[in-house]
Each structure stands twice: as C-alpha cells, then as structure tokens.
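Each chain sits in its own coordinate frame; assemble them with the hints.
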Amino acid sequence: MEWGFWLAQALSGLAGASALFLTAAGLTLVFGVCRVVNFAHGSLAMIGAYVAVTVLPPLLAWSPSLPMFLLGVLVSALVVAALGAVVEVLILRRIYRVPELFQLLATFGLVLVIQDGVLQLWGPEDIAGPRAPGLGHGVPILGERVPAYDLFLIAVGPIVLGLLTLLLRAKRFGLLIRAATRDREMVAALGVNQALLFTGVFALGAFLAGLGGALQVPRIPASGGMDLPIIAEAFVVTVIGGMGSVPGAFLAAVLIGLLQAFGILAFPKITLVLVFLVMAAVLMLRPQGLLGRPEPPARGAIEGLTVIPPASPLLRAGVVFAILAIAVLTDDYLRKVATEMLVLALAAASLGFLIANAGIVSFGHAAFLGAGAYAAALLAVRAGWPMEAALLAGPVAAGALALLFGAALARMSGIYLAMLTLAFAQITHAVAFQWVEVTGGDNGIVGVRPASWAADRLSYLLLAAALILPAIWALRRVLSAPFGVLLRAARDSEPRALALGLPVAAMRVAAFALAGALAGLGGAVFAFSRGSVDPTLLAIPQSVDLLAMLLLGGVQAVAGPLVGAVALHGLKDIVMPLTDLWRLLLGVAILLLVVVFPRGLAGAWRRS
Amino acid sequence: MTRLRLPRRATLLALPALALRPASAQPARGEPVRIGELNSYARMAAFAVPYRNAMQMAQDEINAAGGVLGGRPIEFLFRDDGAAPSDAARVAEDLLTRENVAFIAGTFLSNVGLAVADLAARRQRLFLATEPLSDALTMHQGNPYTFRVRPGTFMQTRMLVEAVRGRPVRRWAIVAPNYEYGQSAAAAFKRLIVEAIPGAEIVAEQYPALGRPDAGPTVGALSRARPEGVFNVLFGADLIPFVREGQIRGLFEGRTVLSLLTGEPEYLLPLGAEAPTGWIVTGYPAEQITTPAAHRAFFDAYRARFNDTPRLGSLLGYVTVQMVKAMLDRAGSTDTEAMIAALRGLTTDTIAGPVTMRALDQQSTLGAWVGETAVEGGRSVMRNWRYEDGARHMFPEAEVRAARRL
Numbered sequence: 001m002e003w004g005f006w007l008a009q010a011l012s013g014l015a016g017a018s019a020l021f022l023t024a025a026g027l028t029l030v031f032g033v034c035r036v037v038n039f040a041h042g043s044l045a046m047i048g049a050y051v052a053v054t055v056l057p058p059l060l061a062w063s064p065s066l067p068m069f070l071l072g073v074l075v076s077a078l079v080v081a082a083l084g085a086v087v088e089v090l091i092l093r094r095i096y097r098v099p100e101l102f103q104l105l106a107t108f109g110l111v112l113v114i115q116d117g118v119l120q121l122w123g124p125e126d127i128a129g130p131r132a133p134g135l136g137h138g139v140p141i142l143g144e145r146v147p148a149y150d151l152f153l154i155a156v157g158p159i160v161l162g163l164l165t166l167l168l169r170a171k172r173f174g175l176l177i178r179a180a181t182r183d184r185e186m187v188a189a190l191g192v193n194q195a196l197l198f199t200g201v202f203a204l205g206a207f208l209a210g211l212g213g214a215l216q217v218p219r220i221p222a223s224g225g226m227d228l229p230i231i232a233e234a235f236v237v238t239v240i241g242g243m244g245s246v247p248g249a250f251l252a253a254v255l256i257g258l259l260q261a262f263g264i265l266a267f268p269k270i271t272l273v274l275v276f277l278v279m280a281a282v283l284m285l286r287p288q289g290l291l292g293r294p295e296p297p298a299r300g301a302i303e304g305l306t307v308i309p310p311a312s313p314l315l316r317a318g319v320v321f322a323i324l325a326i327a328v329l330t331d332d333y334l335r336k337v338a339t340e341m342l343v344l345a346l347a348a349a350s351l352g353f354l355i356a357n358a359g360i361v362s363f364g365h366a367a368f369l370g371a372g373a374y375a376a377a378l379l380a381v382r383a384g385w386p387m388e389a390a391l392l393a394g395p396v397a398a399g400a401l402a403l404l405f406g407a408a409l410a411r412m413s414g415i416y417l418a419m420l421t422l423a424f425a426q427i428t429h430a431v432a433f434q435w436v437e438v439t440g441g442d443n444g445i446v447g448v449r450p451a452s453w454a455a456d457r458l459s460y461l462l463l464a465a466a467l468i469l470p471a472i473w474a475l476r477r478v479l480s481a482p483f484g485v486l487l488r489a490a491r492d493s494e495p496r497a498l499a500l501g502l503p504v505a506a507m508r509v510a511a512f513a514l515a516g517a518l519a520g521l522g523g524a525v526f527a528f529s530r531g532s533v534d535p536t537l538l539a540i541p542q543s544v545d546l547l548a549m550l551l552l553g554g555v556q557a558v559a560g561p562l563v564g565a566v567a568l569h570g571l572k573d574i575v576m577p578l579t580d581l582w583r584l585l586l587g588v589a590i591l592l593l594v595v596v597f598p599r600g601l602a603g604a605w606r607r608s
Numbered sequence: 001m002t003r004l005r006l007p008r009r010a011t012l013l014a015l016p017a018l019a020l021r022p023a024s025a026q027p028a029r030g031e032p033v034r035i036g037e038l039n040s041y042a043r044m045a046a047f048a049v050p051y052r053n054a055m056q057m058a059q060d061e062i063n064a065a066g067g068v069l070g071g072r073p074i075e076f077l078f079r080d081d082g083a084a085p086s087d088a089a090r091v092a093e094d095l096l097t098r099e100n101v102a103f104i105a106g107t108f109l110s111n112v113g114l115a116v117a118d119l120a121a122r123r124q125r126l127f128l129a130t131e132p133l134s135d136a137l138t139m140h141q142g143n144p145y146t147f148r149v150r151p152g153t154f155m156q157t158r159m160l161v162e163a164v165r166g167r168p169v170r171r172w173a174i175v176a177p178n179y180e181y182g183q184s185a186a187a188a189f190k191r192l193i194v195e196a197i198p199g200a201e202i203v204a205e206q207y208p209a210l211g212r213p214d215a216g217p218t219v220g221a222l223s224r225a226r227p228e229g230v231f232n233v234l235f236g237a238d239l240i241p242f243v244r245e246g247q248i249r250g251l252f253e254g255r256t257v258l259s260l261l262t263g264e265p266e267y268l269l270p271l272g273a274e275a276p277t278g279w280i281v282t283g284y285p286a287e288q289i290t291t292p293a294a295h296r297a298f299f300d301a302y303r304a305r306f307n308d309t310p311r312l313g314s315l316l317g318y319v320t321v322q323m324v325k326a327m328l329d330r331a332g333s334t335d336t337e338a339m340i341a342a343l344r345g346l347t348t349d350t351i352a353g354p355v356t357m358r359a360l361d362q363q364s365t366l367g368a369w370v371g372e373t374a375v376e377g378g379r380s381v382m383r384n385w386r387y388e389d390g391a392r393h394m395f396p397e398a399e400v401r402a403a404r405r406l
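As they're listed, the protein sequences go chains A and B. The first sequence begins at 1 in my numbering and counts up by one. The second sequence begins at 1 in my numbering and counts up by one.
If we strip away everything but chain B, and leave its shape as in the complex, we get (with noise of 0.2 Å):
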C-alpha cells in the first residue's frame, strides 16, 4: 500500500523565513531529523490550527539558522489525532513504525494524550505531551516516556487558589464540566481552597454534561447556595451560557470568581464584550506581554506571517519546538535514551522564560498568567496579570513519588 504525501504547507511557507535568515548562518541541510506531531487538528482547530502554525514558524526559524544535530533540519509531520484514542494510537504506531520518526509529540484531549502515553511506553519511545492538561499523565498513570510542556489541571487550580490565599470569601460554590477534567479540577480545588483560606467550605457543587449546559438551572442552584466565591472551570461553548445566565441573574455580583483557563484568548475573544469584568484566570494576554524581549519578537512575525494573534495554542506550539531543538543539541542524536536523558531537567530559555523540565515528574514547568478579566474597547482582555511560573505550583515531590511509586 503505497501512502499518498500531503504536500506540506511548511516547504512553501518557508520561503520568507529563508528570506529572512541572518546572512552568517547557513541553512541546514542534509538528513531531516523527523518529529510525528499528532493533534485534533479538526475536532479542536481553535486550539489546533494556530498551535500548529506556530510550530511551522520556529521549525523554519531553526532550519534557516543551521538546524540541529551539526545542520541537520527538523520536519514536523502533522497528523490528525480524530480526537479519539483509538485513532490516536493508530495514528501514532503509523509514524513511528513507518514514517520513522524521532519521537512523537502533541495531543489536546486528556484521554488521547493518556492513550498515546501508554503506547509510548510499550514501544519504549519518547512522547512529549503537549497540551492535555490531566493530573494522571504525570501522576498515578506517568511513564519514563511521557513528558508533559503545559501545567497540569493541579498547576493551574493552585495558581488561581494563591490568588486569593488568605482572603475573607470562605463559602464557595464550584461549577464543572462533568467528565475527568472538571471532576480532578474540583478536587484540586477543594483540596487546596481549605490550605490557602482557613475555614472555607464548599456550599454547593454543580457538574453540567459537558457540551449540554443548562445554565438557566445550573446559575439557580449555584446562587440557592449564597456562595461568597464561585470556582468555575466551565470553558469554551459552556462558558458564555454560564456567564450570561450569572450576569443577568446576578450570581457574580459582589462574588469572588475563580476560573480556570477563561483568559486564554481561544476563550476571551468569543465573548466580545461581555467578560464578566473582575474575574480571577489563567490565561495568555499574549499583545501586552514586554518580558522576554523574545516573546515581542515571537508575536510580531507570528502576526506578519498568519495575520493574527497568537493565541496559547501559539505560545505552546512554539515553546514545544524550542524545547525539542534544546533537547536534540543537549542529547546529541535521536536515539530514544539519549533524548529522555537529555530532557529530564532540561532548562531552555523560551519565549515565555526559562523553563525546566522536572526531572522527578517530567512536568515543564512552564507557568501561565494569572489575571482578571476586563472589557476595553469592546473585546474581553485581562487585566492586572502577572506570570506564575510554573515551578512554584507543582505537586509537592513526595506526592509524586508515592503516585509515581518511585
């Protein structure tokens, strides 16, 4: 069975980077060092598509700046994961058994990234997970071959927990897509909540199916309780339903709201002008951010390239392809020990700082921004943020060792 080739859109937009290249450097040449990146390219194009773009870019950069492993280039073979496991690790067997990859990265959903994990592990081969935000894929389900770059579902709902540590709001109302990722988020927060704010207490819980809210009654639950503080960790096409049902009915007047990921522009930017204003999230202001100069200089070609904003799914996609080059300059070759060797506890300067590899977890510890949410100019943006690097909300270590039963 002779397999048709997509034509790759990076050969032809190469052409400007090439362009662009500083006139020392020589482009690389010779054998491509090649990288199998699967994702739900379709399924999850809002995420997707502009993380995949941004991959483009800084494979290019790299190539047109000398490459890898003395001058060899890298490619990136994109591959759709159908959003589903079992396609995923179809998917994934096909690129290492037959289009001889590297090793493979991405995935967006948990239970994919989860699966593919797992394969990695019987084919003894490396896979850095890129966005599936569960707990389990460095924790109680973690393999020697599985590495993760985004901050887990605890990271992320301990950054939003320390925002408000030692605040008077201490009856609090949670609100979560019910499915593994709502549920671990609702436990990292009841666990947490009771640590940061002496006395706090959970008054009422709601977990709508995901992709079905029924908003209307989730907000009458939810304000039944007279909660002082709402966690929410609704996203995407459940988020706006919720945020207009709470608005009209009043649910985050005088509250204090935790949410988890609202500040990523794949989920500020469709609610226009109606963020509700003062909400504490995690998320990417990706036009205001100044430090690291790299990352001013990462925005100005990603939006003179694709004529828009990079959106996290950018952010990640690049930070992924400065970690690989690293990672293949510190290992020396592709062989698969020399790579897992050569990331554990690797530091690389990326555009949104140093970031580390943990050795103990094989978590990055690449952070995210904390902000509140705000509305100027007609479109949702955030506020009064800040970054939180990663490293100071990671699973305590002695956790993970018992989860990883090291």
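Chain A with its partners taken away, still in its complex shape (with noise of 0.2 Å):
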C-alpha cells in the first residue's frame, strides 16, 4: 500500500516536472541566445492557456479524440510563436543594446500590459480547460489511481528534450542558435543575419511556452493570475539548470517536480520557501548552474561612469524649498504623497548606487525596504518601542539582512547575482507571508503610529525629509570617496583591482550592507507614514517599482531616483483613479521609457 503511494507521488511530480521544463526550456533557449531574461515568459505561457481553453472546445465538440486534443495544443502553441515574433520585432529588437536590467524591466512592462490585455479578451472569470480524451480516467497503479493524463505529460518532457536536442545537434538553425549561446558578437562577426536568428529563437522560445501553457489546461484552469507563479518556477527552473542548457533544465524541473512532491509531506507549509532554497543553496555550490557554463565576462553591461558631481547646492536647496513649500502649502493628501516619494527615493537610490557603482544587479531590493519597515513595526507595535528607536532599528535590521545576504552573493556577478538577489527576496517574502504568528501573514502588521510630536502629515513630512535627504546626500558623497572609487574600480576589472590587493568581496558586502541599510532606513520611515506594513512592500512588484524609478530618473544622473521616484508614483496617483487599465498604461509607459529613454528622463535631460 505505502510502496504505491510513494510511487503516484513520484509520478505526480515527474508529471508537473514535465510541465515546468517546457516553460522553462523556452525561457533557457531566449536566455541563451538573446541574452536577454524574458519575465513575460510566463505571461506567453498565460496565453497559450486561454488559446487553447478557447480553440480545444470547439474542436473537440467537432471529433472528442486524442489527435484533435493534439492539434488544438499544436494550434495554440503556434499563435503564442507567432505573437513572440511580433513582440521580438516591435519591442525587444529594440532594446538588445539597453543594459540588462532594463530589458528585465521592459519585459516586466509586457507582463503588465498581457496582464490587462488578457482580462479585456477573455473576462475575469477563470475558465476551466477540457480534459484531454481518453486521458481522462485514472490508471491503478499498486493501489493507486493515478491520472492517465500525467503519465502523458511525463511522456511529453522527454520527447520535446529530445527533439530540441536533435534541432539543437542536427539542423543549421541549432548550430546557430548553440554558437550565439557561446557567443554571440563572434557569430555577428561571421556574417549571419543576426535579427532573423533573434526573432526565430524568441518564437520557439514563445512556442515551448504556448505549448507549456496549452498543455496544463486539462490540469489547471486558465486565469489571470496564473502568470507571475508560472515565471517565478520557470526562473528558478533555469538558474538551478543553468542558464542557457536546455538538458540543464529538464535535470532542474525533475529535481523541483521530486522536491515538491514529497517535501509537502515533510513542510506542508512551506513548500515556496523550500523551493528557493533549494536554488540558493545550488548557486552557492555552483554558481553558474547544475549544467551552465561560466558566464562570458560582460561586456559593457552598464557603461562605466568616471566621475559622479555632487549635487550642486542649487539643486539641494530646491529639493528642500519643494519640501517645505509641499509641507506648508498644501493638503494631507499631498504630504502623504510627498512622504512616500521621498522613501521611495531613497531606496531607489540605495539600488541605483549598488547597480552604477558595485556593478551589482539586484532585483530583489524591495526586500530591505520591508525588513526595514517590518523591524520597526514589529518593535513598534509588538514590543512597544518608541518610534524614534524604531526607527533607527529598521536600517540596523536591513543592513543585517543585507550583510547576510551580502556574504552569500560576494563571489558571484551578472545574470546569475541578479536572480539570486531575487531568490532570497521570495524568501524573505515568503516568510513574511507565510509566518503569520509573527509577521500577521498578508494581513501584516497595523496600527504602526509616529510619536505624538509627529503624529500630523506636515511634522512627518519634515521629519522624514530630515533623514532621508541627508541620507541620499551622504550615499552621493561616498561615490566620490576612497571606497566608491576602489568599488568601481572592481566593478570595471575585478582582475586588476584584485591584483592591486583590493578586499573585493569584503568591499562588495559592505556596499551591499550600506545599500541595504539605506533602503531599511527608508522602510522605516514608510512604515510610521503608512500606518500598516504588509508582505507586498518586499514582493516583486515593489522591486520592479524601485527598478522602473531608476529606469525613469537614469541611474547615472545625480537627481535620477528623486526624478524617478516623483515620476513614477506620480504617474500611478493620477492614472489608477481614472481608469481599471492603469496596468496596461503603466506597462506601455515603461516600454516606451526604455524604448526611447533608456538612460532615464534625468539622463534624457542632461544630454539635451
């Protein structure tokens, strides 16, 4: 009896292992060639669900039979292709040259506007798919019935690893796609039409998705918000793989298919946490994945910037002159808002100097700016501090954090620390979410009140421009000391700076820490503003937010995260009110940023 239950779980988990190497084989394939991490991966596989929950009904009212189950999946798998070719000629062909964080973000600008797209298409409502014909029923196995369908799915893994082996081993197309993975300015240097190999590669990228999509409707239905979880597997999936080695993801599903199957039978409730683990501890090990090479070193990621200004006083006086003028001229609301810029501003400047300046790409950022407003509730409201001491704990506990985490991505760099710095954010949000004696789970943590003397928005206002702006100065003065000059010198040649004798990795830690501690500082400050803490503050949406902010200010200008931070939750407080779209707007406004600004409005500013 127990050897049959340990066998269907088993067989479970190959079954959904095969369903992740699909999607992530897609998402492996573009990384490889592209070079480019695709976030609305996820979303493409969101669509080949509702293709098919849309196209298999018809067709199977027509003929109930396997073959046309087959050619509905087939069909839906092809129009999610031929939708990546488009959006690769529209958008991406655009934007090979923009760093790499910012191609993350206009992906993340495509993930919002299918999130809508898809909503105005096919409703609200999640619409169940089909089950396939004759794969309905369950099959005895030693006791055990086990869905016919899962042994199919199992069965479709290793045919499409196999068949993309022998594309990848056997046809020209494969040849090219396995020499641009290697790499890609030396087959640009031998003639071949490199825009056709993009586009081709991103629509059978987009095809596995679609057909990873397609195929996990008899499983789960089609809905709106089936994009993010897909995605977040898909990453984890590709980086324990390796990035660019499709039997590196197939290895990778089949492990995170095992590990889910059985650890609920160990941690029924923490099986999100258990999975990021799991990454972490394999980057750790091996940094560039269970079967990816060694990254090529980056050529020109972010353009190195020799000298940074210090803020003019000019400028300075009339950031604060705004300040007062907002605090004393207008209302509550405004004060609020402008409250909540200036933290955002901060954080977005604490990540701005580790991206210019560590060369450290962190897409996980928003995790210090919870820790530190999750500190200072916490000490608040549970232990009864007084706000001024709980506020300071939020950047102490932040840094904390960042130190952690610091020592554990030291040694590591590129696409690789980027997703790492985005495991441990899920972690620490899944604890956030997930531990709810302590943190309250998704309902957080209310009732966070400033002191008496700082109760009002105007005192706030003040109070939080009085840490916060010297906070942003002083990151601005460490740029131009001894250890912002040696920490670009590493960014720029780790070889060199480590020949010269420099601590890099020490060095790497402590700007991590400071930017860490910065951001908890800010997390802090936003908790006694808000009133509530809760685990969206570290999810991935608020470090897109940090990002886009960047994005929209330019990383290199001086006043670019106080720009962007404006900007951004500028554009959000005007446009949410006014319509149910405000996503979709909100994607095209990031596409369009990174499309005809890419070194952000401030840049944009400064070079006209």
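Source of the hints: derived by calculation from the structure; they are not laboratory data. For every residue, glycine included, the Cβ atom is placed at its ideal position computed from N, Cα and C. Zero decoy hints are in this set.
Covered stretches of chain B (in silico footprint by chain A; criterion: 3 or more residues with CB under 8 Å from a CB of chain A, positions within the stretch not fixed):
| id | region |
| --- | --- |
| 1 | 83–95 |
| 2 | 170–180 |
| 3 | 205–212 |
| 4 | 230–241 |
| 5 | 265–278 |
Below, the structure is given as structure tokens:
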C-alpha cells in the first residue's frame, strides 16, 4: 500500500516536472541566445492556456479524440509563437543594447500589458479547460489511481527534450543557436543574420511557453493570475539548471518537481520557501547552475561612469524648498504622497548605488525596504518601542539582512547574481507571507503610529525629509570617497582590482550592507507613514517599481532616483483613479521609456 | 495639480432607472452625499465588477425614489485600490482629503481592508468594510470606526461545521491556501469540529501556496491519511485542479466534504459540469431564491440592466447600499459620530432579509446560503440549501470583549 503511495507521489512530481520543463526550456533558450531574461515568458504561457481553452472546446465538440486535442494544443502553441515573433520585432529588437536590468524591466512592462489584455479579451473569471479525451481517467497502479494525463505529460517532457536536442545538434538553425549561446559577437562577425536568428529563437521560446501553457489546461484553469507563479518557477528551474542549458532545465525541473511532491509531506507549510532555498543552495555551490557554463565576462554591461559630480547646492536648495512648499502650502494627501516619494527615492538611490558602482544588479531590493519596515513595525507595535528607536532599528535590521545576503552573493556576478537576489527576496517575502504568527501573514501589522510630535502629516513629512535627504546626499559623498572609487575599479576590472590587493569581496559585501541599511531606513519611515506594513512591501512588483524609478530617473543622473520616484509615484497616483486599465498604461509607459529613453528622464535632460 | 474626472457610467446608466421611478416620488436633488468606494476592480474583477454594478443600480433606485437626508442624492465614487494595502491607503486618504466623501466603503482583500481600517481609525472616519473576510478586522485588530458587512471566516466556517453536527465523521483532513485566510479558517475549523463532533480529530493538513497548487501531490498526501471527511478552503484558480485531481484519484468518494465559499457563483460557475456532487458549501444560489420577495425583484432588475446573473458580489453591493441608506436615514446627517452611532445596532430590511449591525464587534448579521453542490443541465448549482442567518454564528460575546479589549 505505502509503495503505491510513494510511486504515485513520484509520478505526480514528474508530471509537474514535465510541465515546468516546457516553459523553462523556452526561457533558457531565449536567454542563451538573446541574453534577455524574459519576464513575460510566464505571460506567454498564460496566453497559450487561454488560447487552448478557446480553441479546444469547438475542436473537441467536432471530434472528441486525442489527435484533435493535440492539434488544438499545437495550434495554441503556434499562435503564441507568432505573437512572440511580433513582440521580438516590435520591442525586444530595440532594446538588446540597453543594460540587462532595463531589458528585464521592459519585459515586466510587457507582463503588465498582457495581464490587462487577457482580462479584456477573456474576462475576469477563471476558465477551466476540457480534459484530454481518453486521458481523463485514473490508471490503477499498486492500489493508487494515477491520472492518465499525468502519465502522458511524463512522456511529453523527454520527447520535447529529445526533439530540441535533435534541433540543436542536427540543424543549421540549431548550430547557430548553440554558437550564439557561446559567443554572440563572433556569430555576428561571421555575417550571420542576427535579426532573423533572434526572431526565430524568440518565436521558438514562445512556442515552448505556449505549449507548456496549453498542455496545462486539463490540469489547471486559465486564469489571469497564473503568469507570475509560472515565471517564478521557470526562473528557478532555469537558474538551477544553468541559464542557456536545455538539458540543465530538464534536470532542474525533475529536481523541483520531485522536491514539491515529497516536500509537502514533510513541510506542508513552507513549499514556497523550500524551492527558493534549494535554488540558493545550488547557486552557492555551483554559481553557474547544474549544467550551465560560467558566464562570459560581461562586455560593457553598464557604461562606466568615471566622475560623479556631487549634487549642486542649487539643486539641493531647490529640493528642500520644494518639500517646504509642499509641507506648508498643500493638503494632507499631498504631504503623504510626498513622504512616500522621499522613501522610494531613498530606496531607489541605494539600489542605483549598487548597480552603478558595485556592479551588483539587485532584483530583490524591496526585501530591504520591507525588512526595515517590518523591523520598525514589529518593535513599535509588539515590543512597544518609541518611534525614534524603532526608526533607528529599521536600517540596523535591514543592514544586517543585507550583510547576510551579501556574504552569500559576494563571489557571484551578472545575471546569476540578479537571480539570486530575486531568490533571496522571494524567501524573505515567503517568510513574511506564511509566518502568520509573527508577521501577521498577508494581513501584516497595523497600528504603527508615529510619536505624538510627528503625528500630523506636516511634521512627519519634515521628519522624513530630515532623515532621508541627508542619507541620499551621504550616499553621493560615498561615491566620490575612496570607497566609491575602489568599488568602481573592482566593477570595471575585478582581476586588476584583486591584483592591486583590494578586498573585492569584502567591499561588495560592505556596499550591499550600506545599500540595504539605507533602504531599511526608508522602510522604517514608510512604516510610520502608512501606519501598517504587509508583504506587498517586499514582493517582486515593489522591486520592479524601484527599478522602474531608476530607469525613469536614469542611473547615471545625479537627481535620478528622486526624479524617478516623483515621476512614477505621481503617474500611479494620477492614472490609477482614472481607469481600470492602469496596469496596461503603466506597462506601455515602461516599454516606451526603455525604448525611447534608455538613459532615463533625468539622463535625457542632461544630454539635451 | 488638477485631477481629471472619470466620466461616470453611473450618470449615463441612471436614465432607465429614472424612467421606471414611481410616479409619486420626486428624484433627489441638491448637494449629493458622496461616498468613497474603493475596491480591486482590476485585480478581482470577477467579484468587484458585479459588485459595482449592483451598487450603481441601488444608488440609482434610491436617488430616483427621493434620495436621502431630505432629498439629497447619494453618489458613489468608485476607485481602484490596486489590490495592495499601500495603494489602498493612499486612495482612501485621497477620497477623504480631496473628494470630501462622507465616509469610505469597500475593499476585497483582507490585508487591504485592514490597512484601510487602520487609516480610518487614524483619521477618525467611518469605514464600512464590505468584503474582506479576516476575523482580525472585527476582533483583535478591530477599531470603533470600522464595520463589516460580510460574514467573516469564523462565521462561515461555523455554518459549515453546524451542518455536520453530530454526524459520525471523526477523521478529518484539512486543505487550505497558505496565507492568513486559509490558516485562520483551518484554525477555526479545528476548534469548532471537536465541539460539534465528539472525538473528531485532524489526521492530515495541507497548505499549498496560494495561486500555485500542486494538486496531485496534495491530493495524494490527503488520501494517504484515509480521512472520513475533508475540509476545503481552496477557492478560485486553486479549486479546479484540486477538484479534478481529487475526482480522478477518488479522494472524495464516500467522504464528507465541507468547502468554504465554493457555492458562490464566482467560483461555482467556472466549474461548469464538473462540480463535485454532494459537497456541503457556503454560497449564493441567486436564481433559486424566492424569499424575501425583494430579492426576486433585485434579481430581475439586475438581469434586465446588465444582461447577466447577479454574483455574490452583486448581492453584497446591493445590501451594502441598502444599509447605507438606512444608516443615513437614522443618523440624519453625515457627521462621522452620528453615522457610527446610527450604524451600531442598526437593523436593515435587505434583499437577504433583516440584517443587524451588531454593536459589540461592528459585524453585521448578514448570513450565507449553505447547501450541497450538484450538476444540473451541464451547470454547477447549489441544492438543498437554506439561508443561515449570520446572527446564529457570530463570535461569542465574551470572546469579542477579550479580543477587542472592551
């Protein structure tokens, strides 16, 4: 009896692994060739599922047979492939030269656009797909009933792996894909039509995403919220397997599938964390993933900025004046918005410091904003600390967390580093979300009140400005101090910096801790302004917002983070009340910005 | 900064309602009573759009019949809360500060509701939470400015447990989404089932992550414990995979299944012809309800106007506006303290029957329909249902006093 159970559980895990592999294979191929981490890959899978639930019922009504089902799945995947080609030609083609991070951001813009698009086309209700004819029953195996469709899926994974391997080994297209994965510039130098190659690979990736989504339809309904969970798991699988490696993705998918099937028996409450913990562990042991190659050194990933002019006294006076004007002249609502803009500006500035100077692309910076906010809120509400002490505890806690993460990340670089920051942020988020006893779960902690002297919005805005503006300016000072100069030296040439005897790893950890602590200060200020904290503060969208602010303001511009925070927060504030389609507008705005102003608003201003 | 105004569908759609108004009543005139309604219209559109539809319908009917406070019309300002606490708190602040609303209402997600409730307490303004289910809202994180319309997690769990009181089903398995709602429903179930069924025990618990159910392994783990009954809290996109896997693997065969919210049209309709039969669920069998008669009128009017069946959101939106009117009639003004005083203990004749806002925890006695799932004519429906008055399932008074430190 028990044996049957273990076998059934393993088969469930393998069926899940096949589905995971299909989406992850597309992601890893696209990354290997185009070097674009496509956040919208999960959205493409979602479209595949929606197309499948649309085309399958009429097809099956006409002839309820398995070949008809497979035809419908294939049609869905082809529709998504065509859509992928269009997306590549219209958008991605224009941003291959933009820094990686902003590509990631642009694809996140796409995620937002697709979310609203799907909602408009298919409506808000979940749509359950038909079961596959002939595969809807359970197959008795050792006294357990295993869904026949699971067995079918288990077969599909290796078949697709085999076909992909054949394609990559035997065809000229595959040869070019492999060559481009190894050395993109060399392939270009040999006169290969890169535009066509990239479009083809992206369409193939989209096809696999669509296939993965369409094949899931008999198991899970098409729903508007399925994109982010799919992409999060596909990221994990891709990173564990080694980015760009298709067999690696398969291996990792099997690992994750089995981990989930058996992990829930031992740890029913922490499956979310478990997956990311495994990812973090694998990356720390093998930074390039199971079957990945070490990344080629990034060529001009972010243009070096040699001298950073300190913020001019005039600009500083202008900012102070603007805040005083808002504080005195406007209403409580604008004061609150201004306080939030300051907080976000500090968080964005600390992120910009990491990206532009330490070369650390953090995709989970909201973890530190959230850690600061949670520390302050927990101490103020649960332990009864006064506001002043709790405000100080925010940066200390976030700095300590950043120190911990930084130590784990110090020897990594590039896209794996970015993915690992994402994994750490997800672990932090999962802890806040699922550890209900301490953090209050998704309800968070409410009743975080400022001290009586700072209780009104005017005083609190002034307090926030008094804490945050000096912090931003101090960060600027660090850039021109020896520490900042040496950081940039290590960023531009790690071997030379090491040869000079610089403690590169320790410097990076210190930079990480500093940036984390400052974001944590912002979080603590945020907590008392909002009055409550909750896990959305440290979720992926919040990290994306911070990156979007940097993008808007420009990483290289002095006033960048401030301009970006004001622009994005202001935009949300104006657009959200106007329309249900604000995600669409926000997504389009992000896409336009990346395509039109890769240097950001403030950057564009400086150039003109 | 000037703020653009959304052209309100409400004003356009008001015309047919005006045409239908009784000849005797004068339509409302004068300064409108503005009410800020924030909800997740984009993220939770399946619930929130029917909810907004019904609110607009109720608003138009009230205005056509003479309005409130001596002939003033009511005007709902619908805003998206972004499905995130920080956005919601900002939108609420905007409504209170700049739009000059009398009070705020709405919210869907519990965390959003709690954040807005906290803001209401801080600003000392009335907040009528309509949908969030968390017990925290009326219990240990309750505040004097926040009232809730829907029956909370504890109340709905209790309705289900009462439905199996005394049955010889002792071994129970729990499956719930891993976040506050799922965990508190599971906690309420554990506490209530041992009172209702002597000797009941929990033999398996599974908490899949919200939005990514591993249905196969989850069902496998539950079956392994050989339970006699299953308490399910999964809903929405997590429910369908659980149902399919459970049916294929025989998890539900010969077992009693209690399932929260599954009977709500928002979750029942997507199941199509696949609803598991005989599950005991809470929900809303809209098209079958004949009493009170006003519900039938509401049902017909809603269908006529929106060419769609009302969802649970529609019922809630309509009941909420009915309660708002009764509150304003009793308060006689839009002064916050007067409205709060009026709302405490207020009984309203709604389309779901009389509903009282219990003063102690500021929780309404709006109930839910408890029945069994069935498939008829290719659609999932509720059968053998009855309306469970919320008044019978609320938290004991002593417990409320302890939690709210009264």
